[in-house]
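Use these hints to put chain A onto chain V, whose structure you have.
Same order as they appear, the protein sequences are chains V and A.
Heads up: the first sequence at position 132 corresponds to 132 in UniProt numbering, and the numbers run straight through without jumps.
Heads up: the second sequence at position 105 corresponds to 105 in UniProt numbering, and the numbers run straight through without jumps.
Simulated from the structure, these hints should not be mistaken for lab results.
Predicted, not measured: the structure shown is a model, and the values here were computed from it.
Every residue, glycine too, gets a C-beta built ideally from N, C-alpha and C.
Just to be clear, a hint being listed does not mean it is correct.
Said to hold, decoys possible - Listed next, the stretches of chain V that the computed footprint assigns to chain A, with coverage defined by at least 3 CB atoms under 8 Å from CB atoms of chain A:
#1 12 to 20
#2 41 to 49
#3 97 to 110
#4 167 to 175
Claimed, not checked - In silico negatives: residues of chain A with every beta carbon more than 12 Å from chain V:
#5 P2
#6 L4
#7 L5
#8 A6
#9 A9
#10 H39
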Amino acid sequence: MEEPAHQFVTIKPSALQIGLIFSRIGLTSFGGGLSGWLLREFVQSRAWLTEEEFLNGLSLAQSLPGVNVTNMAIWIGYRLAGTKGAIAGLIGIILPPAVVLIAIAIAFASVDRYRIAHQLLDGAAAAAVGLSLSMGITAARRVPRRIFPAVAMATTFAAVAVMHWSLPWVVVIGGTTSIAVSYYQLSRSRTDA
Amino acid sequence: MPNLLAQLAGVFAPLSLVTVGGGQAIVADIQRQIVNSHHWMLPKQFVDAFALSRMAPGPGSLLATLIGWQVAGFWGAVVSTIAIFGPTAILVYGIAHLWSRYKGAVWQQAVEAGLRPIAAGMILASGYGLLHALDGGWVARGIAAGATIILLRRRTNPLILLAVGAVLLTGLQCMGV
Numbered sequence: 001m002e003e004p005a006h007q008f009v010t011i012k013p014s015a016l017q018i019g020l021i022f023s024r025i026g027l028t029s030f031g032g033g034l035s036g037w038l039l040r041e042f043v044q045s046r047a048w049l050t051e052e053e054f055l056n057g058l059s060l061a062q063s064l065p066g067v068n069v070t071n072m073a074i075w076i077g078y079r080l081a082g083t084k085g086a087i088a089g090l091i092g093i094i095l096p097p098a099v100v101l102i103a104i105a106i107a108f109a110s111v112d113r114y115r116i117a118h119q120l121l122d123g124a125a126a127a128a129v130g131l132s133l134s135m136g137i138t139a140a141r142r143v144p145r146r147i148f149p150a151v152a153m154a155t156t157f158a159a160v161a162v163m164h165w166s167l168p169w170v171v172v173i174g175g176t177t178s179i180a181v182s183y184y185q186l187s188r189s190r191t192d193a
Numbered sequence: 001m002p003n004l005l006a007q008l009a010g011v012f013a014p015l016s017l018v019t020v021g022g023g024q025a026i027v028a029d030i031q032r033q034i035v036n037s038h039h040w041m042l043p044k045q046f047v048d049a050f051a052l053s054r055m056a057p058g059p060g061s062l063l064a065t066l067i068g069w070q071v072a073g074f075w076g077a078v079v080s081t082i083a084i085f086g087p088t089a090i091l092v093y094g095i096a097h098l099w100s101r102y103k104g105a106v107w108q109q110a111v112e113a114g115l116r117p118i119a120a121g122m123i124l125a126s127g128y129g130l131l132h133a134l135d136g137g138w139v140a141r142g143i144a145a146g147a148t149i150i151l152l153r154r155r156t157n158p159l160i161l162l163a164v165g166a167v168l169l170t171g172l173q174c175m176g177v
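So that you can see chain V by itself, here it is in the shape it has in the complex (with noise of 0.2 Å):
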């Protein structure tokens, strides 16, 4: 960490360290905050790449569907060694969690039979759905306050919870719109300026 490294970006890494350095940050996050951890892994620690390129796919994992830390995976992947790069980021963010998960499932069921088993996990789920309803509420206020996002985001609420339509529908339908909205009032305002 003496010199600059981040300046520039030298030795590239394997496919297999790659899935390890995946595996071992899917295995150790819990519940998002991730982009500052693969930050500090593939520029600050490890130089492997630089912070504009990593910028660049933190927008371009933000603007895709998906989840941002398993598209980050591929992009990373992909930067750092290609296809095979890629498919390792994937594997390692994925596979060491889900084997995990399914083991607590398995565990919960052998306990199954028991009263305070049930009690314990609807206390956690009480709890979990504080972490869903937190992470909608701090969404909302990243919202735009003008009436077209205001009504974009009360309109899918009201899709989604109460009429119960079904999301793709939702997302192609409202999202072009927004999107296209967005696109006239960005360029108007670069036109302005």
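Frame of chain V; chain A shown alone:
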């Protein structure tokens, strides 16, 4: 069995491509399809699966893996995992080299800005659906509300929160609340 696996893929593959704003956004629709349309799980079993998926590390979309496991065993888990991650993975892989060239383009900003309210609405709908499926009456809803407030105020390790919720609800029910 092949029919059941195909149905699982049919639930998760389309949702893969509309996961905007992270894995939380599609929970409402997974709940609607798994519980209401296919009757593969009871509302309570669905919330349990959600809670278990929050106890394990890794991406939140692994909920699909667990549902696949519970509905159709090992192959159900494999098929559901591939269905929920595969389509987006292929898309990201395909676009990976194109994207950096257009960094900062208006349409790219428009995609990010335009999807933000849609994603927020979807995530709120997921929270709402889960809240309704909770077992444990007003105590459970109180814990959910309390957890929400704590998480909004400070960065908290979710595992600790789940453990506190588990102990609190069990304790209160044992005291006969």
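Status of the stated non-contact between A/L4 and chain V (beta carbon gap over 12 Å) | Per Cβ check, A/L4 is outside 12 Å of chain V; nearest 18 Å; holds.
Coverage criterion applied to the segment 41 to 49 of chain V (partner chain A; beta-carbon cut 8 Å; 3 residues) = It is violated, with 0 qualifying residues against the three required.
Quick check: the segment 97 to 110 of chain V, covered by chain A? Criterion 3+ residues, Cβ under 8 Å.
-> With 8 residues close enough to chain A, the hint holds.
Just double-check A/P2 for me: nearest Cβ-Cβ distance to chain V has to come out over 12 Å.
-> Label holds. Min Cβ-Cβ 21 Å, cutoff 12 Å.
Regarding the assertion that A/L5 does not contact chain V, is the least Cβ-Cβ distance greater than 12 Å?
-> At roughly 17 Å from the nearest Cβ of chain V, A/L5 sits farther out than 12 Å, so the non-interface label holds.
Chain A over the segment 12 to 20 of chain V, status - at least 3 residues with CB closer than 8 Å = violated (count 0)
Non-interface claim for A/A9: all C-beta distances to chain V beyond 12 Å?
-> Consistent with the label, A/A9 stays out of reach of chain V, its closest Cβ about 14 Å off (over 12 Å).
Counting residues of the segment 167 to 175 of chain V that have a beta-carbon nearer than 8 Å to any beta-carbon of chain A, does the count reach 3?
-> holds (count 7)
Can we confirm that no CB of chain V comes within 12 Å of the CB of A/H39?
-> holds (15 Å)
Regarding the assertion that A/A6 does not contact chain V, is the least Cβ-Cβ distance greater than 12 Å?
-> Nearest chain V Cβ is 18 Å from A/A6, so the label holds.
The structure shown violates the earlier hints numbered 1, 2.
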